[in-house]
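Engineer: Here is how the chains run, residue by residue.
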Amino acid sequence: MGDVAAGSDRDVTSTASAARQSRRDLLRGAATASLALAVGLGPRDARAQDASPAAGPPIKVAFVYVGPVGDLGWTYAHDQGRLFLSQQMPNVETVYQENVPENPGDAERVIRGFAQDGAKVVFTTSFGYMEPTISVAEDFPDTVFVHISGYKTAENVGTGFGKIEEPRYVSGLIAGRMSTANRLGYVAAFPIPEVIRGINAFALGVRAANPAATVEVIWTNTWFDPPKERAAAEALLDRGADVLAQHQDSAGIAQAAQDRGRLAVGYNADMAPLAPQAVLTGPIWTWGGFYVQTVQQVQAGSWEAGQYWGGWKDGTVDLAPIGPMVPEAVRAEAEAEIARFKAGEKDIFTIFTGPILDQAGAEKVPAGTALTAEQLLGTDMNWFVQGVEGDPAP
Amino acid sequence: MDDVTSLAFLTSVLAAAIPAATAILYACLGELLCERAGILNLGVEGMMLMGALGGFAVTVWTDRAWLGALAALGIGAAFGALHAVLTVPIGANQVVSGLALTLFGAGLSAFLGRDLVGRAAPDSFGRLHVPLLGDLPELGPILFRQNALVYLSYALVPALWFFVYRTRPGLHLRALGENPGTADALGLPVAALRVAYVVAGGALAGLGGAVISLATNPGWTENVTAGRGYIAVALVIFAGWNPLRAAFGAYLFGAVEAGQFRLQGAGVPISSFFLNMLPYLFTVAALVLASRPAARRRIGAPAALGQAYVREERA
Numbered sequence: 000m001g002d003v004a005a006g007s008d009r010d011v012t013s014t015a016s017a018a019r020q021s022r023r024d025l026l027r028g029a030a031t032a033s034l035a036l037a038v039g040l041g042p043r044d045a046r047a048q049d050a051s052p053a054a055g056p057p058i059k060v061a062f063v064y065v066g067p068v069g070d071l072g073w074t075y076a077h078d079q080g081r082l083f084l085s086q087q088m089p090n091v092e093t094v095y096q097e098n099v100p101e102n103p104g105d106a107e108r109v110i111r112g113f114a115q116d117g118a119k120v121v122f123t124t125s126f127g128y129m130e131p132t133i134s135v136a137e138d139f140p141d142t143v144f145v146h147i148s149g150y151k152t153a154e155n156v157g158t159g160f161g162k163i164e165e166p167r168y169v170s171g172l173i174a175g176r177m178s179t180a181n182r183l184g185y186v187a188a189f190p191i192p193e194v195i196r197g198i199n200a201f202a203l204g205v206r207a208a209n210p211a212a213t214v215e216v217i218w219t220n221t222w223f224d225p226p227k228e229r230a231a232a233e234a235l236l237d238r239g240a241d242v243l244a245q246h247q248d249s250a251g252i253a254q255a256a257q258d259r260g261r262l263a264v265g266y267n268a269d270m271a272p273l274a275p276q277a278v279l280t281g282p283i284w285t286w287g288g289f290y291v292q293t294v295q296q297v298q299a300g301s302w303e304a305g306q307y308w309g310g311w312k313d314g315t316v317d318l319a320p321i322g323p324m325v326p327e328a329v330r331a332e333a334e335a336e337i338a339r340f341k342a343g344e345k346d347i348f349t350i351f352t353g354p355i356l357d358q359a360g361a362e363k364v365p366a367g368t369a370l371t372a373e374q375l376l377g378t379d380m381n382w383f384v385q386g387v388e389g390d391p392a393p
Numbered sequence: 000m001d002d003v004t005s006l007a008f009l010t011s012v013l014a015a016a017i018p019a020a021t022a023i024l025y026a027c028l029g030e031l032l033c034e035r036a037g038i039l040n041l042g043v044e045g046m047m048l049m050g051a052l053g054g055f056a057v058t059v060w061t062d063r064a065w066l067g068a069l070a071a072l073g074i075g076a077a078f079g080a081l082h083a084v085l086t087v088p089i090g091a092n093q094v095v096s097g098l099a100l101t102l103f104g105a106g107l108s109a110f111l112g113r114d115l116v117g118r119a120a121p122d123s124f125g126r127l128h129v130p131l132l133g134d135l136p137e138l139g140p141i142l143f144r145q146n147a148l149v150y151l152s153y154a155l156v157p158a159l160w161f162f163v164y165r166t167r168p169g170l171h172l173r174a175l176g177e178n179p180g181t182a183d184a185l186g187l188p189v190a191a192l193r194v195a196y197v198v199a200g201g202a203l204a205g206l207g208g209a210v211i212s213l214a215t216n217p218g219w220t221e222n223v224t225a226g227r228g229y230i231a232v233a234l235v236i237f238a239g240w241n242p243l244r245a246a247f248g249a250y251l252f253g254a255v256e257a258g259q260f261r262l263q264g265a266g267v268p269i270s271s272f273f274l275n276m277l278p279y280l281f282t283v284a285a286l287v288l289a290s291r292p293a294a295r296r297r298i299g300a301p302a303a304l305g306q307a308y309v310r311e312e313r314a
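Quick note, the sequences are listed as chains W and R, same order.
By numbering that gives the first Met the number 0, the letter at position 157 of the first sequence is numbered 156, and the numbering carries on one by one without gaps.
By numbering that gives the first Met the number 0, the letter at position 167 of the second sequence is numbered 166, and the numbering carries on one by one without gaps.
Rather than coming from a laboratory, the hints here were simulated on the basis of the structure.
Keep in mind that the hints are not guaranteed to be accurate.
To spell it out: a stretch of chain W is covered by chain R in this simulated footprint if at least three of its residues, at any positions, have a beta carbon under 8 Å from a beta carbon of chain R; those stretches are [unchecked claim]:
#1 86-93
#2 100-110
#3 220-230
Simulated coverage check for chain R against chain W, where a stretch passes if three residues somewhere in it have a Cβ under 8 Å from a Cβ of chain W [to be verified]:
#4 103-114
#5 244-250
Note that the Cβ used here is the ideal one computed from N, Cα and C, for glycine as well.
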């Protein structure tokens with residue numbers, strides 16, 4: 000586990016803007032379907048066993064969720080992580096509360112309740128819990144708090160987030176290869192830096208595979224509204240896109256693509272069961288490894304408050320299984336790329352290494368240099384790379 | 000940039016608008032029946048969610064979407080019955096009962112649906128190309144390449160209009176909402192009829208939910224209706240309690256939703272936030288219009304809407 004921690008600490012950054020853009024996490028869902036457990040966590044699984052025996056002294060770990068565990072989105076993904084934790088470490092007792100409002104009163108009450116109840120580790124999994132987490136943590140110095148997607152830390156408060164752009168980039172490679180129309184569509188929630196970063200990562204992948212392709216973006220201005228997401232997808236399909244990607248929570252986009260005999264890249268959960276003929280793959284969150292690692296460190300007394308920004312190498316993000324419609328050559332190319340990310344030969348900084356041009360053709364990142372963590376996470380990310388059609392500030 | 004004034008553009012907008020609008024249309028027709036009978040039902044959102052979940056669950060168990068649709072009708076009716084019992088014989092506050100049912104339906108569907116999240120639909124209402132009609136230019140793709148629930152709504156809208164305005168039971172229905180005392184004096188079983196219409200309205204709301212979980216977005220996730228039940232309630236006012244205008248309103252809503260994404264894609268320089276706001280702006284305008292007593296009469300609001308009827312208290 001030590002190498003994982005070291006690796007992530009190195010990448011870590013702390014900016015206020017990082018948190019601002021993660022603001023959407025309070026509403027947005029992201030999820031690993033149950034499949035993610037089987038698929039995504041394999042390597043971590045082994046790593047966890049290497050690091051220590053599954054046992055250890057009994058310990059209570061609490062999770063505070065902003066949404067329902069059944070959202071097939073953000074909260075669902077965290078809950079899959081919790082289940083992974085209790086499966087990997089039978090001595091861990093996990094407790095959770097869902098639908099916890101982000102106002103200081105409710106959030107503090109729930110977080111404090113868990114701490115008073117003897118939880119040794121409390122994961123607060125939405126941006127809006129940042130202040131309540133910090134404030135409760137002051138009163139419980141012996142409890143470890145980990146806040147997901149925020150930026151404030153304390154002696155006993157660390158943070159955690161993930162580089163979902165890495166699998167997004169590889170999903171773009173696959174999508175770019177699979178498009179015959181050279182027109183791809185992207186249904187996106189809100190024009191905020193994190194979503195724009197994801198679109199850019201996807202488009203860079205698409206264009207690496209298929210320099211002639213374009214990615215058209217349509218904003219829905221909602222994290223979750225399945226019929227509306229579908230309506231946006233249909234507009235893109237009507238406009239000639241033959242592969243759709245998304246930064247949304249529902250499978251409506253993939254279903255729309257399937258109904259037209261076209262293809263889609265999912266998000267959050269493996270959406271293949273809901274649109275088996277359409278879903279090529281999709282970036283997914285796999286929090287389980289981070290949870291196991293954190294709890295093991297707490298038990299071993301080696302945990303230190305830091306800012307965890309986990310990549311593919313760390314097992315915090317992954318790609319859903321590649322669909323059977325993807326030809327062997329493309330699959331092999333994607334798998335080679337996946338291996339490079341997993342080995343740490345490539346990462347989010349490799350993706351955002353110049354030369355990168357913006358929509359107008361102006362150079363945004365000079366050849367040989369990469370965007371820094373601050374630039375990636377901050378509000379500077381308000382432009383689209385070349386090949387993206389749409390307005391980054393609608 | 001595409002030509003957004005072209006016939007092809009309009010066709011694509013309307014073809015996408017109709018299925019999107021159908022869920023709202025059913026719920027709206029259900030609410031219309033309810034309100035015509037004098038009972039306000041703010042539980043539509045909860046009933047849609049329960050219908051969406053129940054319809055999907057039964058489809059998963061039976062592998063037949065039409066059984067799911069029937070189940071959605073039944074579950075919606077059961078929720079309607081709950082509202083009816085609370086508001087008609089007991090005379091509870093209709094606003095409170097309705098809102099309670101929305102919260103109850105949202106929570107219960109989330110709870111019961113936990114194991115169905117992410118499950119694939121074994122059967123769903125897919126696109127059916129009507130022979131001949133579906134090949135018509137423009138009208139074909141707009142009207143006749145839709146799913147079976149859309150076709151059912153085509154029949155239901157004129158049928159309900161005829162029922163409300165051209166039949167004796169329809170006259171009685173209007174009397175229930177206009178002046179239940181008079182209806183009572185005519186010898187109509189006011190309470191029983193009100194209960195029946197609230198139950199029927201609930202059934203249609205349930206079916207509206209099933210349009211989402213069985214046709215446009217096959218599957219189940221919590222809160223899959225995302226507020227469409229409230230739109231349906233507002234649309235009844237917009238429609239002036241007339242089924243034909245309800246269909247117009249629902250399709251207009253669908254067209255704005257479908258159209259805004261196509262305008263965005265075509266690069267029309269209108270903020271997507273502005274376009275997103277439009278359906279709700281219509282809704283607010285309709286609500287404001289309907290809030291003035293004089294306007295209420297003019298747009299046809301049932302005079303006794305929202306009032307419990309107890310025989311002894313009749314004026």
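Engineer: Three or more residues of the region 244-250 of chain R near chain W by CB distance under 8 Å?
Structural biologist: violated (count 0)
Engineer: Taking 8 Å as the C-beta cutoff, is the stated coverage of the region 220-230 of chain W by chain R satisfied by three or more residues?
Structural biologist: holds (count 9)
Engineer: For the region 86-93 of chain W, count the residues whose Cβ lies under 8 Å from any Cβ of chain R; is that count three or more?
Structural biologist: violated (count 0)
Engineer: Is the coverage entry for the region 103-114 of chain R by chain W consistent with the three-residue Cβ rule at 8 Å?
Structural biologist: holds (count 3)
Engineer: Is the coverage entry for the region 100-110 of chain W by chain R consistent with the three-residue Cβ rule at 8 Å?
Structural biologist: Per the Cβ count (0), the hint is violated.
Hint check: violations occur at hints 1, 2 and 5; the rest are consistent with the structure.
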